[in-house]
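Next come the chains, spelled out residue by residue.
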Amino acid sequence: ILNVEQSPQSLHVQEGDSTNFTCSFPSSNFYALHWYRWETAKSPEALFVMTLNGDEKKKGRISATLNTKEGYSYLYIKGSQPEDSATYLCAFVGGGTSYGKLTFGQGTILTVHP
Amino acid sequence: DVKVTQSSRYLVKRTGEKVFLECVQDMDHENMFWYRQDPGLGLRLIYFSYDVKMKEKGDIPEGYSVSREKKERFSLILESASTNQTSMYLCASLAQENQPQHFGDGTRLSIL
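From first to last, the protein sequence lines stand for chains V and L.
First residue of the first sequence? That's 1 in the numbering used here, and the numbers climb one at a time after it.
First residue of the second sequence? That's 115 in the numbering used here, and the numbers climb one at a time after it.
Be careful, since some hints might not be right.
What the hints assert, rightly or not - Derived contacts from chain L toward chain V, CB cut-off under 7 angstroms, selection only:
hint	residue
1	Pro153
2	Leu157
3	Pro175
4	Glu183
5	Glu186
6	Leu208
7	Phe217
Claimed, not checked - Estimated spans, in silico, between C-beta atoms of each pair:
hint	chain 1	residue 1	chain 2	residue 2	range
8	L	Ser122	V	Glu56	23 to 31 angstroms
9	L	Thr200	V	Ile109	37 to 45 angstroms
10	V	Glu83	L	Arg222	17 to 25 angstroms
By construction, these hints were calculated from the structure, which means they are not laboratory data.
No experiment lies behind these values; they were computed from the predicted model shown.
Note that CB positions come from ideal geometry on N, CA and C, so glycine has one too.
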């Protein structure tokens, strides 16, 4: 079983703070790295699918970077808002015939206080 | 928008019962997946299917089976439910490997 680790496990910030989380994954046999946001009582929603070393993606106030050689990705949230409160999941896709199988980290729970 | 629908949001069953969790997607996706989510463990893959009648074990298949008789429907079966199968179950579908998965809202299953 592949090892995908996220840190921190949970995070409390004040509205307006910027924050970032880390996802570490195997640096060999890399195909893609996914980020999802999972709000309470909703389904996980895709944020980014990243495939190239050095990739940077942005969606509004959220951005992500990827380093496949050293096996990590950072997710950044600029100016956190209470509606950003959610669990943020990263997931690794290995090369070969994977059929898009995801191996998830345990998630980072973000709480943004007004 | 892709719609993945799970048959129940909440389900309570008894130990030893045979339990069916149903998942339907409306976008003709080839690949479908069943995960369970437990606190501190993230989402873990139980089974997946890459075509009708085709299935492969994920990381934690023990105690589960699946059925994919039609492309749009992927069923997870607990042959004889046990209390350690109390969990949140999520279904997902996928069109192509370099695209994100689309998830249902989840079924919170309690086995008493």
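Given hint Phe217(L) near chain V, where the shortest CB pair must fall under 7 angstroms: holds (4 angstroms)
Status of the given 17 to 25 angstroms range, CB of Arg222(L) versus CB of Glu83(V): Given range 17 to 25 angstroms: holds, Cβ gap about 23 angstroms.
Agreement of hint Glu183(L) with chain V interface, Cβ distance less than 7 angstroms: Check failed: Cβ of Glu183(L) comes no nearer than 19 angstroms to chain V, outside 7 angstroms.
Restraint outcome when Leu208(L) is required to lie within 7 angstroms of chain V by C-beta distance: holds (5 angstroms)
Interface hint compliance - Glu186(L) to chain V, C-beta minimum distance less than 7 angstroms: violated (17 angstroms)
Closest C-beta approach of Leu157(L) to chain V relative to 7 angstroms, hint status: holds (4 angstroms)
Hinted contact Pro175(L) with chain V - closest CB pair below 7 angstroms: violated (12 angstroms)
Hint check: 7 angstroms Cβ-Cβ cutoff, Pro153(L) to chain V: violated (9 angstroms)
Range agreement (Cβ of Glu56(V) with Cβ of Ser122(L), hint 23 to 31 angstroms): Roughly 40 angstroms apart at Cβ, these two residues miss the hinted range, so it is violated.
Consistency of beta-carbon spacing, Ile109(V) to Thr200(L), with hint 37 to 45 angstroms: violated (21 angstroms)
Of the numbered hints given earlier, the model fails hints 1, 3, 4, 5, 8, 9; all others are met.
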